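Undergrad: Sequence:
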Amino acid sequence: HVPMDLICEHYEKRATESGLLVSDATLISPYAGGIPNTPGLWTEEQVNGWKSVVDAVHKKKGIIYNQLWHIGHTTSSSLMPNNVKPVPLSVISIQGKSILTGHYYEIPQLIQDFVIGAKNAIKAGFDDVEPRGATGK
Numbered sequence: 001h002v003p004m005d006l007i008c009e010h011y012e013k014r015a016t017e018s019g020l021l022v023s024d025a026t027l028i029s030p031y032a033g034g035i036p037n038t039p040g041l042w043t044e045e046q047v048n049g050w051k052s053v054v055d056a057v058h059k060k061k062g063i064i065y066n067q068l069w070h071i072g073h074t075t076s077s078s079l080m081p082n083n084v085k086p087v088p089l090s091v092i093s094i095q096g097k098s099i100l101t102g103h104y105y106e107i108p109q110l111i112q113d114f115v116i117g118a119k120n121a122i123k124a125g126f127d128d129v130e131p132r133g134a135t136g137k
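To convert, note that position 63 of the sequence shown is 63 in my numbering; the numbers rise steadily by one, no gaps.
Think of the hints as simulated: they come from the structure by calculation, not from any bench. Don't take each hint at face value.
Derived pair list, reagent style DSS-like, types lysine-lysine, alpha-carbon separation capped at 27 Å [as the list claims (entries may be wrong)]:
1) 13 to 61
2) 119 to 60
3) 123 to 59
4) 60 to 13
5) 119 to 59
6) 123 to 51
7) 123 to 60
As the structure is a prediction and not an experimental result, all values here were calculated from the model.
Using the sequences plus the hints, can you model the full thing?
TA: Written out as structure tokens, the structure is:
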């Protein structure tokens, strides 16, 4: 979940003076989605990886936002740490059917995960953050 050199090169090639880039969806915790190799922002190592990306964009006088992401129940528990059940972020499923939401005690943790992600994005030097909820239904 740490941005690789290839990611840094990808953003650096697209950076322009005063141009705005928005990062790929970045997981806010290991429980935010079970997609292999998706970048994250919950560890110091990840913050440092993103710092390299941000520095490369800023060197070209570009602007970069981080897109904080929790994918809700669109993943499988087989892809989650310890096979935990994914927490849905909505009462509507992808198929448009009603589902149970996460337990009330999970909500404060979700909020805290977004706060940690935002603080880590700032620590990495991002110019702003964008919470993503598109696939978190």
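Undergrad: All hints, please: hold or fail.
TA: Okay, the hints, checked on the actual structure:
1. Under the criterion of a C-alpha separation no larger than 27 Å, the hint pairing residue 13 with residue 61 is consistent with the structure, at around 12 Å.
2. A hinted pair counts as satisfied when its Cα atoms are at most 27 Å apart, and residue 119 with residue 60 qualifies at roughly 24 Å.
3. Pair hint residue 123 plus residue 59 holds up; C-alpha atoms about 17 Å apart against a cutoff of 27 Å.
4. Proximity of residue 60 to residue 13 is assessed by CA-CA distance (about 9 Å); at most 27 Å being required, the pair is judged to hold.
5. Distance restraint check for residue 119 and residue 59: the Cα-Cα separation of roughly 22 Å lies within the 27 Å cut-off, and the hinted pair is therefore satisfied.
6. Only pairs whose Cα atoms come within 27 Å are accepted, and residue 123 paired with residue 51 is accepted, the gap being roughly 8 Å.
7. With a C-alpha separation of about 20 Å, the suggested pair residue 123 and residue 60 falls inside the 27 Å cut-off, and the hint holds.
The structure is consistent with each of the numbered hints, conforming to all of them.
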